[in-house]
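Asks: Which chain is which? The protein sequence lines are P and X, in order.
Okay, so the first sequence: first residue is 0 according to numbering that gives the first Met the number 0, each after it adds one.
Okay, so the second sequence: first residue is 0 according to numbering that gives the first Met the number 0, each after it adds one.
Honestly, the hints are just simulated from the structure, not real lab data.
Only true hints are included.
To be clear about the criterion: a stretch of chain P counts as covered by chain X if any three or more of its residues have a C-beta under 8 Å from a C-beta of chain X, and this derived list gives those stretches: (1) 100-108; (2) 144-152; (3) 160-170.
Note that this is a predicted model, so its numbers are computed, not measured.
Beta carbons: idealized from backbone N, C-alpha and C, even for Gly.
The lines below spell out each chain.
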Amino acid sequence: MTATFAFYLFAITLLTGGLMVVTSKNPVHSVLWLIVCFFNAAGLFILLGAEFLAMLLVIVYVGAVAVLFLFVVMMLDIDFRALQRGALKNLPLGLAVSGVILAEVLLVASGWQPGTGVVMNDALAGPPAGMTNTQWIGSQLYTRYVFVFSMAGLLLLAAMIGAIVLTHRRRVGTKKQNISVQNARTPASAVGVGKAPVGQGVEL
Amino acid sequence: MHPIVTSIAIAGPEVILTLGSLAALMLGTFSAPGRALAATSLFAIAILAVAGFALLDGPAGTALAFDGLYVADDFSAFLKVIIFTATAASVVLAQPWLNESRTGRFEYPVLMLLSALGMAVMVSANDLLSLYIGLELTALPSYVLAAFHRADNRSAEAGLKYFVLGALASGILLYGVTLVYGFAGSTQFDIIAGIVSGQTERSLGLLFGIVFIIAGMAFKVSAVPFHMWTPDVYEGAPTPVAAFFSAAPKAAALGLMARVLVVAFPGNVAADWQQIIIFIAIASMVLGAVAAVAQTNIKRLLAYSSIANIGFALVGLTPGSPAGVSALLFYTTVYVAMTLGSFLVVLQLRRPDGETVEQMADLAGLSKTQPKLAAALAIFMFSLAGIPPLLGFWPKFAVFQAAIAAGLVPLAIIGFIASVVAAFYYLRLIKIMYFDEPAVALASEGSAANGTMIAAAALFCSPIGMLAMSPLAAATARAAAALFPA
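Next up, chain X with everything else stripped away, as it sits in the complex (with noise of 0.2 Å):
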């Protein structure tokens, strides 16, 4: 066979996503005015079904093709499960809000799936030049949704903010790339991990590689001191689209962090890499900890509370060692399971005048009208801070035992002493709903496949989550060995 055809084969998913998308394109474009949204988006959660798939009948083991710029291994097909199933509830849970507002166009789903083809690109990407493009690719897209609802001002600020941020950043990343492009003279991450690990003496060209591709990746996780976009951007966009990128984009961004650190840059240059994670990791944990104390907007809490979360992530990657990554994954898909959930119930949450819930005040006394929509902001709330029975505690309680397994004592202590701050504002959201007298009385407007979602969630982070802890732990751990060759 010619290798293109065998090519072709092992990229699947991305080949499937990509014809996908441009139907979906034609099929909004060619149905009536009316229908489209509602066929697009349906055919979008098809086509990622699919493209889901047909990961299952992926090849064995690695599998490189595109002449090294492309690989499919256990790691890739499980964050691709991860990032397909989070764009299809993005999509799914944008229907009402879509229905409603008057930008419901059916470009919405077909974004939605260019972007998640980035993602998948993302963490395929063997190679720098498949990482950035998949960046781009996930990147644009997002830009265009922040923007999405363009009568709105706010709307069109995050757009607009995101979009000159982002161009910096990946103008920084791309630097990166040439750097290191220049000092290890290839852009694919095996030959360059080969090229690293010869290297006697540690060349500082390289290095400021490295500085600035963690420059890049940082701004995509949203991981301090590269966080500044996440509050503004979250609180201006519509809220589905707030939910998109606080799940999907962020799980392939931290799976390409790893690839990219853990593959390409082993050896010696692992402990100048690690310093950056572990600085990262910490001022992202203190940072989205203390500065979400002040919120009084949901959104912004929520954006903060994302930035802690990544930081925690990150603690996974600090060790570089297996049980590290397989925390990293553990933690990404508890992660991408409780924020949807809580963006999920806002979005299903209406204010008399029909307006979303913005503001924390609004939510007073929600136990008493919305008893069921409490308890589930409240499961993931308790779960987000890492409250044992719950399931948002083991990812953490992984991330830390392979922080003190690699000897990183400090770290482990101040996330631990961060989750202790951060428990302080889910707790207060918390308080909000149970003790104090409602102040508006808030309707449930949302669909019935959003309550759907919001249970499955809610039961998922609840301590029945705790059955699927095995099985999700066996698959992370087959996920994290990808990247670990014998």
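Okay, chain P solo, but in the shape it has when bound (with noise of 0.2 Å):
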């Protein structure tokens, strides 16, 4: 009964985010409300018992990719009123092209029979007694799946190598404390005694 009333609070919160999200008009309350959906996803695979796909949703999504959205949306200066001019022009052409989306997705759905002919022939047989969902995860990843793990991890070194490179640049000019330098100074590099002739300035 609580787990029935639980999951249509998170679904139907989930839904109500997730249409805040498209149609909110300030860029930066969609954004919020992306976090609300997120949580709300969280709850739901509380419900199914798979806690730590919750616990990464909410890290991961939650504390870094919704606050570099959030930061990006604040930092670029975007006229949001043109752009949903646009949308609006454009809004017959995404109608249909989402309509036939949709349309594929259920005719997929209605081909969904639960139960024959599926049979999850290489799934996990799920944690062995005494062993949490998490330990689970987590003893398989680094065993079975460490290959695509490994690549995975590679994948992100890409990404690194080039965010640096699109967007590192050496500039001359800027002013770095360099200790060595500081440190060799001695009087005689530093203090100078210089005639100051009347009427004009100093040379320095």
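Reconstruct the complex from the two isolated chains, following the hints.
Replies: Here is the structure:
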């Protein structure tokens, strides 16, 4: 009973939040609604018994991705009025495309026969006794799926190199502290006595 | 021995590329700024060579590793040789450009190594998970390479365009992967094959999954109707990067497509995906041939030429037979040599103002100013057009032969007509070079290494290259046989 109530609560809030992401006028509000969506999706995961995925969603998506979105949205000065005017012009086309995709998805969904023919052939059997969900995922990730896991690590490395290549520039004229140069200064190199002729400036 | 040790031994080339790319990154970071690029490039070429030699030491026959996520067989070994060679050539051919431009940074060869690693994973994928990771690892460095000349707006635009469309294609592919997993109950190719051939009635969900997976991969090989990015990205990206895009990643993606479709979806489903591949092949051949006629920019012309060539190569995949896959591999090998050769000639030429050649009109009278390069480019164009004595004719012949043997006569006829249309613009380029009055005196500025590579590619594509045909045919037949276990 409680689980059913919780499911409908999370599901309805999730759908409402998703609707608000798309329709709200202020992009910052959209991102905030997105965070609401993430939290409710995490709730649904917990109801399914997938607490690790739930925590992942909250930590990675809310903690990192949504905050990044917020930064980007707030830093970019976008004229959303103009964008929305353009969106209205393209609305019929967009509706047509999403209508086609919706029809396709419905077609697939109607073809779904739960339980017949589909056996999860090489699916994991679930955690053995005495092991939690999270432990089980970790142990599989580092043994059976270690190949794709490490390749995903290299993918992130490639992304990092790419970000540095595309944005890093060596600037000239920036003032940086060089401690060894400071320590190597002697009074002789720093202090001098000069003559200041009358009516003229000093030359330094 | 622990299974992980055995797996690492089987995946030797990937391990070497992984460690090598990390070492190359360190080398570039810690060597003196002036020498970093040259040192990293040499190191990258050495790593690719070592990875290539590791293939010789690979397991005999078919060997699964990492719980079936990875497979090493003759098919993957053959394609890896092409991939490593083409990537090494792409590193070499970029050197003059990198030294001239202000963006000559040592990350260039490192990104190429990472991309080559992704391609190696692609052709060795035996699971939808490794397929996806391989594709992404190939694509992500490619997006960066397209935008490598970041001060140039066109390059930045090319990178952004490629990234946005590529991310969309990846999303479509992933959706297909989830559908296949949901309806087949596995992501491993051989297990999917077992389930698919055991099904009596065809599953609509599985079919949708296959369609989405093909759409995602068609984007990567730039087949029509997912080709729109190709001309823009080739035109905007730096020329050496466009040369890279047109060679190694195409070979890897074609190999991946062949492996997924042939290994994972045999039997009843094969007839379903064959229809899609037939459509894609026809559309690519026809559009590639017709749209190229109106081009004035050489890079765009070569982009459309690569679209058309992918169409011809996919004709080899349509029968889903050993002969067809063998013809596809043969086509890929010759195509890589032809396209790299054409791009090398374009890279070698400089306008009087020091810029690289972009417009076809600039090539007018090239036979008088640069007779050797003009002759090489003419060989590549004749070969791309598929004029008989040149090597480019034979793979076209092989794919059509495979299609006809499978009863796909209309497909072969359409392909023949498309290749006649395509011959028009290849011959037009030759006419501009040989019969038009010289417009600007083009200089040959490139390095000796690039000159040697042009000569080697031209020799390979010339009638002399037919000497290489029988060993090549034996190798492709052996590689294709690996996909069809007896």
